[in-house]
Structure formats: C-alpha cells, structure tokens
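Enquirer: Sequence:
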Amino acid sequence: EDKMTTPSLLDSIRAVKENERIASESYLAASEEINNPIGKHIFLELSKFEKYHFDKLSDLEKSIESSGKFIDYEDREFLLPPVFEIKASEDPKNKSVITIISQAIELEKQAEKVYGNMAARISDPLGHSMFSRLAEEELQAEGERTSGRGAEGRLRRGVHRAGAVSPGRPDD
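Heads up: the sequence shown begins at 371 in my numbering, then just goes up one per residue.
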C-alpha cells in the first residue's frame, strides 16, 4: 500500500499550493485586463475561490509541520452569476484574457489529478476528506468553466463572437 510520508505530503501540499497561488493571480490579472464589469466580477470571484484553496492548504501545511495533524476542510462553492456574453469588439484585450483562462484551467486540471492521487494515498479521515473534496471542487469548477454552461464557458464563447450582456436570461 503506497501511503504518503510526511516529507512527501508536505512537498505535495507545497506544489499544489503554488498552483492555487498562480491560478488565483492569473484570474486577478484577467479581472484587471477585461473591461466588461460582469467579466471582471467573475474573474475576481474565481481568484477568491482559488485563494481560499491556497489559504486552506497553507493552514494544512502549518498543521502538518507543527503537529502532524490534518485539518477539517470547509467546502467553498463557486457561485455563478447570471448568463452573459461579451462582445469581442468591446474588449480588445480578449486574446490575453483567453490565454490567462486557458493557462489557469490547465493548472486546475493538474491540481484535480494531484488532489485525487493524494486523497487515495492518505488514510487519515480528515486528510482523505479534504483532498477528495478539493478534487471535487476543482473538477466541478473546471467543468463549469469549460462546459459552455458555466460562467467562464460563456465568457470564453462570448469573447469569440458578438453577443450582448443580458443578466437574468436563462440558459439556452
């Protein structure tokens, strides 16, 4: 049975923590690049979502270092705003925003796999639960972002074709 030793656990936590930091900063940068206020809001929320993961992983790292104990992890849901689309002509920087989204999504796909692997290798109930839930949150958020049904999927579509901001319109 391949269980994680404390040093390899700490190395893994530090690696995924760095990915969460990069994803959070990438979304924050995207929020500063985009002109559409709804797009700004979404990227800020995504940045906060990833920062929450970073903060919880930092708490876990400190706990493992000081006492060898896992922490209780409280889920955080990524809340989607109303349906919207952005006119490409309204945001001349949309290519850099799409690049930022793509890079951050790749980091999150990696994080989801690492969290799943870590969960499988941790026998401690709190540790197993935390990493299972982190994997689920990354998978759910990544699915929302790329499915076209979620806010970021609509954002990706919207920057590639003309559309209109239409809060409150139900999904097609």
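Since the hints were derived computationally from the structure, they do not count as laboratory data.
Idealized CB from N, CA, C, for every residue including glycine.
Don't take every hint at face value.
For lysine-lysine, the following PhoX-like pairs were computed, each having C-alpha atoms within a straight-line distance of at most 20 Å [what the hints assert, rightly or not]: (1) K439 / K479; (2) K410 / K426; (3) K439 / K418; (4) K418 / K387; (5) K483 / K387; (6) K387 / K426; (7) K479 / K418.
Between beta-carbon pairs, the in silico distance windows are [said to hold, decoys possible]: (8) Q473 / S428: 20 to 26 Å; (9) A399 / T375: 32 to 38 Å; (10) K410 / K432: 30 to 36 Å.
Enquirer: The structure should be examined with respect to each hint, and the outcome stated for every one.
Expert: Taking the hints in turn, this is what the structure says about them:
no. : hint                    : in the structure
1   : K439 / K479             : violated (27 Å)
2   : K410 / K426             : violated (24 Å)
3   : K439 / K418             : violated (26 Å)
4   : K418 / K387             : holds (14 Å)
5   : K483 / K387             : holds (14 Å)
6   : K387 / K426             : holds (9 Å)
7   : K479 / K418             : holds (18 Å)
8   : Q473 / S428: 20 to 26 Å : holds (22 Å)
9   : A399 / T375: 32 to 38 Å : holds (36 Å)
10  : K410 / K432: 30 to 36 Å : holds (33 Å)
Comparing the model with each numbered hint stated earlier shows that hints 1, 2 and 3 do not hold.
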